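As a plain string of letters, each chain reads:
2 protein chains.
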Amino acid sequence: MKKIINAPENYTDDMLKGIYAAHPDQVKYVEGDLRCYCTANKKDGKVAIITGGGTGHLPLFLGYVGDGLLDGCGVGGVFQSPSAEQIYNVSKEVEAGAGILYLYGNYTGDIMNFDMAAEMCEMDDIETRSIVGADDVNSNANPDTRRGVAGIFFMYKCAGAKAAEMGTLDEVLAAAQKAKDNTRTVGFALTPCIIPEVGHSNFTLGENEMAMGMGIHGEPGVWNGPIKTADELAEESMKTLLDDMPVKEGEEICVLVNGLGATSIEELYILSGSVRKILDEKGIKTYRTFVGEYATSMEMAGASISICKVDDEMKKWIDMPVKTPFYTQA
Amino acid sequence: MKKIINAPENYTDDMLKGIYAAHPDQVKYVEGDLRCYCTANKKDGKVAIITGGGTGHLPLFLGYVGDGLLDGCGVGGVFQSPSAEQIYNVSKEVEAGAGILYLYGNYTGDIMNFDMAAEMCEMDDIETRSIVGADDVNSNANPDTRRGVAGIFFMYKCAGAKAAEMGTLDEVLAAAQKAKDNTRTVGFALTPCIIPEVGHSNFTLGENEMAMGMGIHGEPGVWNGPIKTADELAEESMKTLLDDMPVKEGEEICVLVNGLGATSIEELYILSGSVRKILDEKGIKTYRTFVGEYATSMEMAGASISICKVDDEMKKWIDMPVKTPFYTQA
Numbered sequence: 001m002k003k004i005i006n007a008p009e010n011y012t013d014d015m016l017k018g019i020y021a022a023h024p025d026q027v028k029y030v031e032g033d034l035r036c037y038c039t040a041n042k043k044d045g046k047v048a049i050i051t052g053g054g055t056g057h058l059p060l061f062l063g064y065v066g067d068g069l070l071d072g073c074g075v076g077g078v079f080q081s082p083s084a085e086q087i088y089n090v091s092k093e094v095e096a097g098a099g100i101l102y103l104y105g106n107y108t109g110d111i112m113n114f115d116m117a118a119e120m121c122e123m124d125d126i127e128t129r130s131i132v133g134a135d136d137v138n139s140n141a142n143p144d145t146r147r148g149v150a151g152i153f154f155m156y157k158c159a160g161a162k163a164a165e166m167g168t169l170d171e172v173l174a175a176a177q178k179a180k181d182n183t184r185t186v187g188f189a190l191t192p193c194i195i196p197e198v199g200h201s202n203f204t205l206g207e208n209e210m211a212m213g214m215g216i217h218g219e220p221g222v223w224n225g226p227i228k229t230a231d232e233l234a235e236e237s238m239k240t241l242l243d244d245m246p247v248k249e250g251e252e253i254c255v256l257v258n259g260l261g262a263t264s265i266e267e268l269y270i271l272s273g274s275v276r277k278i279l280d281e282k283g284i285k286t287y288r289t290f291v292g293e294y295a296t297s298m299e300m301a302g303a304s305i306s307i308c309k310v311d312d313e314m315k316k317w318i319d320m321p322v323k324t325p326f327y328t329q330a
Numbered sequence: 001m002k003k004i005i006n007a008p009e010n011y012t013d014d015m016l017k018g019i020y021a022a023h024p025d026q027v028k029y030v031e032g033d034l035r036c037y038c039t040a041n042k043k044d045g046k047v048a049i050i051t052g053g054g055t056g057h058l059p060l061f062l063g064y065v066g067d068g069l070l071d072g073c074g075v076g077g078v079f080q081s082p083s084a085e086q087i088y089n090v091s092k093e094v095e096a097g098a099g100i101l102y103l104y105g106n107y108t109g110d111i112m113n114f115d116m117a118a119e120m121c122e123m124d125d126i127e128t129r130s131i132v133g134a135d136d137v138n139s140n141a142n143p144d145t146r147r148g149v150a151g152i153f154f155m156y157k158c159a160g161a162k163a164a165e166m167g168t169l170d171e172v173l174a175a176a177q178k179a180k181d182n183t184r185t186v187g188f189a190l191t192p193c194i195i196p197e198v199g200h201s202n203f204t205l206g207e208n209e210m211a212m213g214m215g216i217h218g219e220p221g222v223w224n225g226p227i228k229t230a231d232e233l234a235e236e237s238m239k240t241l242l243d244d245m246p247v248k249e250g251e252e253i254c255v256l257v258n259g260l261g262a263t264s265i266e267e268l269y270i271l272s273g274s275v276r277k278i279l280d281e282k283g284i285k286t287y288r289t290f291v292g293e294y295a296t297s298m299e300m301a302g303a304s305i306s307i308c309k310v311d312d313e314m315k316k317w318i319d320m321p322v323k324t325p326f327y328t329q330a
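Chains as they are written, first to last, in full-length UniProt numbering: chain A, 1 to 330; chain L, 1 to 330.
Hints are computed from structural coordinates only; laboratory data are not their basis. Watch out, some of these pointers could steer you wrong.
Because identical chains cannot be distinguished in the list, a pair is counted as satisfied if it fits within a single copy or across any two copies.
To be verified - Mimicking BS3-like on lysine-lysine, the simulated pairs with C-alpha atoms at most 30 Å apart in a straight line are:
| no. | residue 1 | residue 2 |
| --- | --- | --- |
| 1 | K282 | K92 |
| 2 | K285 | K46 |
| 3 | K285 | K28 |
| 4 | K316 | K17 |
| 5 | K2 | K315 |
| 6 | K42 | K239 |
| 7 | K228 | K2 |
| 8 | K323 | K285 |
Predicted model only: the values in this text are computed from it and were never measured.
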C-alpha cells in the first residue's frame, strides 16, 4: 500500500486536522468533533445546504463547503456514512433562519442517516428538504436507484447559486432538482484503490484491463475488458449518456471530465478533447467545460464524463463565482 | 501502461487540442503551432512573462498562463524542451511593449532554447531577462545547479503580481528573484511514471519502497528505502529545507504541499498537517498553506513540500487574485 499516511485508522482525522490547519479562515468544526465540518462564514437568512458522505473522494464532499456553494458537511470514515448525530450537529451550526437543504449521494447508509438527522431537526423546528444525486447511468437502469457520482457538482453549483441569491428553501430545492434532471454521468476505472485500514484492494484489474461503469467505491461496472483508447471511451460514454438523456442539435450542455485520482490531468484533457469532437459533430453546443479532479476514489486510475443540459438560468448559476479551500471560480 | 490516450505519439498535441477546445476564452496558439501557447487576453504595456518546458507536469507549465500570472508558454513533448523557435513565436505574440521575462526551470535543454530565443528577440529589439527556478534542495548541494520543481509557483505568483501592477521589466525580474531566494523544495516518489511513447517506466521501486529526493523526471534521489510515515517524511523534509534556508522563530512562511500525480488529496492534507505540527513547534508562522497538484509527473505517486519565506510585499503578491484555466485565486 503506497500511501503517505500515519496510522491507517487515523486517515480521516489526520486529513481533517490538515484541512482545518490549512484553511482556518474558511472552515471549522463544531461539538469538538472533527467530522462536523462547517463554513466559518455563515450568512444570516440564507438557506443552508449540507452534504455528507464517506472520506476518500476529495474534493467531494467537504471540498464544496464555502462561499457560493455549501454550508456544511458530515464527514464519514473512508467510504462510510457520517452519523445522524454528526449531520444534526452540523445542521444546528449552519442553519441561518431559512431552513436546510440536504444534498448528497444516493447511498443507503447516507439516506438513513440524513433522514434521521432531518427528524432531529424537525423536533427543533428547523425545516429541511432532501435531494440525492443519482447521476451514474451505468449503475442502474432505474434512475431513482442510481448512485450519485461527479455530476453532483452541477447540483451543488445550481443550488449553491440559488441560495446565494437568497432564494427560499423550496427555490433552492428546485434548483438542485433542475440540475439533477439535466445531469448524467458515465465513469470507468483502470485500477482499483486501497482502503487504508484494509491495506489491499478488494479486487484486481489485469495489466491491460479496465472496468466500464465501475462505481467510486469499486462497485462492479457493466463490462471489464482491454483498455480502450480515449476516442473509443468518449464514443461509448457519450452514446450511453445521450441514449439516456437525449440532447438535440443546437441545445447547450456543460461537460465535466473528472479524474478518479491517479489519472493525469494530461489524460483528462485528451479525453475532454475526444468528447468535444463528438459533440461538435452532433451539433451540440458546449457552453462550458470543466476538467480536473471533482470526485475521486483516492488513488484509483480512471475518469468520468458528466453532461449537464443548460438553459439561461442554469448558465447564470453555473457561472456564479464561488470560493472554497478546494475549488474557486472567479 | 494504464493511460487514457489515443496514439502515444499524439499525447502532447491531443492534450493541447483538448485544452484549447475547453478554454478558448482564455488561451490560444499562434503560428499554427499548438505548442506556441499564449494568453488570449494580452494587456498593453505590461511586462510579458513566458515560461516553458516539457509536457507531463500539468498544471506546470502552461497551466499558469492567465490573468495575474503568465502570458505565454513554449510547450515541449513529454519531458522535452520546447524549441527556440516556439519560444520566440510566443514571445512575438505576447510582448506588449514592456519587454519579456523568461521564467522557467533549471534544465539544460530549456536554458539553451530560451537563450537562443532571447537572441532572436534581441534582433527584433525586444528586451528580455531570464531567471530559472532551482528550488529542489536534494538535487544538488550547489544552489545554482539545482533543478526547478514545484517552488516555481511562488516565482510565478510574485513576478505575475508585479507585472500585473505594471512594474518595469527589472522590477518583475527582482520580484521573481526575491521569490527564488526565499523558496526551497524537497520531494519524494513512491512510484515511477511512464512516458507514453516508451510504454514502460525507466526504473522500478519495490512494493514498499520509496525514493527521497527523486526528480520530477525520475532523476535519482538521495536514498531509496521503505516507505516512511507522513510524520517521518515531514520531519526529514523540513530538516533538509530549514538546514538549507534557516527560518527563525516568529518569521513567516507559505507552505506548498504538492502532489506528483497519483497521490490522493487526502494524503496531501495528512502530510500538510504533519508539516504544520513541526512549524508550530518551532514557532515558525504559517502565513498561507497551498495543497494540491501544482507540478506533477503524470501518474507518479509522491509529493513535494515547498516553503517560501515571506515579508509584507511578498504576502501581497501571493494573495493577489489570479485566474487561469487550471488555477484560480479569488
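Under a CA distance limit of 30 Å, which applies to K228 and K2: within one copy, between copies, both, or neither? Both, since 26 Å and 10 Å are each at most 30 Å.
At most 30 Å between CA atoms: does that hold for K316 and K17 within a copy, between copies, both, or neither? between (35 Å within a copy, 27 Å between copies)
Since the copies are identical, ignore which copy is meant and state whether K285 and K28 lie within 30 Å (CA to CA) inside a copy, between copies, both or neither. between (40 Å within a copy, 20 Å between copies)
State whether the alpha carbon distance between K2 and K315 is at most 30 Å within one copy, between copies, both, or neither. neither (41 Å within a copy, 35 Å between copies)
Give the relationship of K42 and K239 under a CA distance limit of 30 Å: within one copy only, between copies only, both, or neither. neither (42 Å within a copy, 39 Å between copies)
For the identical chains here, do K285 and K46 meet the 30 Å Cα criterion within one copy, between copies, both, or neither? neither (34 Å within a copy, 35 Å between copies)
How do K323 and K285 come out at 30 Å by Cα distance, when the copy is not named: within, between, both, or neither? both (27 Å within a copy, 24 Å between copies)
Within, between, both or neither: how does the pair K282, K92 come out at a Cα-Cα threshold of 30 Å? Classified as neither: same-chain Cα gap 48 Å, cross-chain 37 Å, threshold 30 Å.
Of the numbered hints given earlier, the model fails hints 1, 2, 5 and 6; all others are met.
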